[in-house]
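Visitor: Going line by line, the protein sequences match chains A and B. All residue numbers for the first sequence refer to the numbering used here, where the first residue is 1 and numbers rise by one. All residue numbers for the second sequence refer to the numbering used here, where the first residue is 1001 and numbers rise by one.
Check before you lean on any hint, since a few could be wrong.
What follows is a list of derived Cβ distance ranges for each label pair [to be verified]:
1) A:P10 <-> B:R1028: 42 to 50 Å
2) B:W1076 <-> A:R13: 51 to 59 Å
3) B:D1016 <-> A:R150: 53 to 61 Å
4) B:W1057 <-> A:S162: 44 to 52 Å
5) A:G122 <-> B:W1057: 54 to 62 Å
6) B:G1061 <-> A:R56: 27 to 35 Å
7) A:V123 <-> B:M1059: 54 to 62 Å
8) A:R77 <-> B:K1015: 29 to 37 Å
9) A:R76 <-> B:D1016: 31 to 39 Å
10) B:V1071 <-> A:G157: 16 to 24 Å
11) A:L149 <-> B:V1071: 50 to 58 Å
12) A:R31 <-> B:R1031: 34 to 42 Å
13) A:R150 <-> B:R1028: 33 to 41 Å
Because the hints were derived from the structure by calculation, they are not lab data. Even glycine gets a Cβ: it sits at the ideal position worked out from N, Cα and C.
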Amino acid sequence: MESTLDYKEPLNRFLAEVERRAFQMAKFATRNRDEALDLVQETMFQFVRRYSNRPREEWNVLFYRILRSRITDWHRRSSVRRRVLAWLGRPEEENQEDPLQVLPDTQNPNPSDHALRQEERGVLDRAIWALPLRQQQAFLLRAWEGMDLRQTAFVMGCSEGSVKTHYSRAVHTLRGFLKEQYP
Amino acid sequence: MNTKDPEELLLERAKDLLDRGVENLGPRTERRLEDIRFRALSAGEEKRPGFFSFRRWVMVGGFAAATAAAVALFFWMSPSPQPLPTGHVEDLEIITAKERLDFYQNIDFYRWLETNGNGIRTNEKAS
């Protein structure tokens, strides 16, 4: 019983720590809340089943590697579905933005500051959405997750040189989008 | 005065906004994430048997029994050892005898000569 708790507690803490960022990353890639939640679910199940016995230091990169792989699979499936729908002559369903995302945050004490930040966040979200998938992943893993080149290359399954290229292109594009905020 | 590099500034701000963006995902999403986490942990626990668990020992015991049965069956089904084929030993002697190889190559001719040679000689005498 003790061994189960020993194994479960750190894992629970780790998953609680990464689940929100993982969800947001999946949502940037899919632009759909439910699809993003499904991807997080698949990732968590696979991670716990396969890698929970690995050393704690490896968990972060392994978790994001699974997530990245799930996102890539999702994109491949979506691409096939789009082609089939186009062939059948049916219009593709547009991904809807999460309505909960735009709900006001009642916990914020300063509404005007909050509105500004919401607006700024909206601009950033749209800018990240507009990035190609690989650039998006390189940017989020490096700038948000704080991974180094080697870790990012492992997660993305490519060379460090490719990571550098994707990341610098992403930063360049984002700067273009956000030049009003960051001249 | 801000001496920070504009790129550094952008990255810091972006990180801050992204962090704030996940602070409040909404009750429905947060509940769902929590539910996913608990289910993943439970599934992992079911899959992870302890060292002394009954299931593990049943699996190990079953595997050992199946291996023993396979080995026994193999020995039981395999044919008994046969004596060495003697004919092959004679062939080996012929192959290894270098100096007499031409003799063995022409042996059919000698056999024919022996059989038909007498007849030829008889015919010669008669003529």
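Visitor: Now tell me, hint by hint, if it's right for this structure.
Guide: Hints, verified against the model:
1. For P10 of chain A and R1028 of chain B, the Cβ-Cβ distance of about 28 Å falls outside the hinted range of 42 to 50 Å, so the restraint is violated.
2. With their beta carbons about 56 Å apart, W1076 of chain B and R13 of chain A fall inside the hinted range of 51 to 59 Å.
3. At roughly 25 Å, the beta-carbon separation of D1016 of chain B and R150 of chain A lies outside the given 53 to 61 Å, and the hint is violated.
4. Checked against the given bound of 44 to 52 Å, the beta carbons of W1057 of chain B and S162 of chain A, roughly 48 Å apart, stay inside it.
5. Distance hint check: the CB atoms of G122 of chain A and W1057 of chain B are about 58 Å apart, consistent with the given range 54 to 62 Å.
6. A hinted range of 27 to 35 Å holds for the C-beta pair G1061 of chain B and R56 of chain A, which are about 33 Å apart.
7. The hinted range of 54 to 62 Å is satisfied by V123 of chain A and M1059 of chain B, whose Cβ atoms lie roughly 56 Å apart.
8. The hinted window of 29 to 37 Å between R77 of chain A and K1015 of chain B holds, with their beta carbons roughly 31 Å apart.
9. Distance hint check for R76 of chain A and D1016 of chain B: the Cβ-Cβ separation is about 33 Å, which falls inside the suggested range of 31 to 39 Å.
10. Judged by the Cβ atoms, the range 16 to 24 Å given for V1071 of chain B and G157 of chain A is violated: they are separated by roughly 43 Å.
11. Distance hint check for L149 of chain A and V1071 of chain B: the Cβ-Cβ separation is about 53 Å, which falls inside the suggested range of 50 to 58 Å.
12. Here the CB-CB span from R31 of chain A to R1031 of chain B is close to 22 Å, at odds with the stated 34 to 42 Å.
13. Range check, R150 of chain A to R1028 of chain B: Cβ separation about 37 Å, and the 33 to 41 Å hint holds.
In this structure, the hints that do not hold are numbers 1, 3, 10, 12, in rising order.
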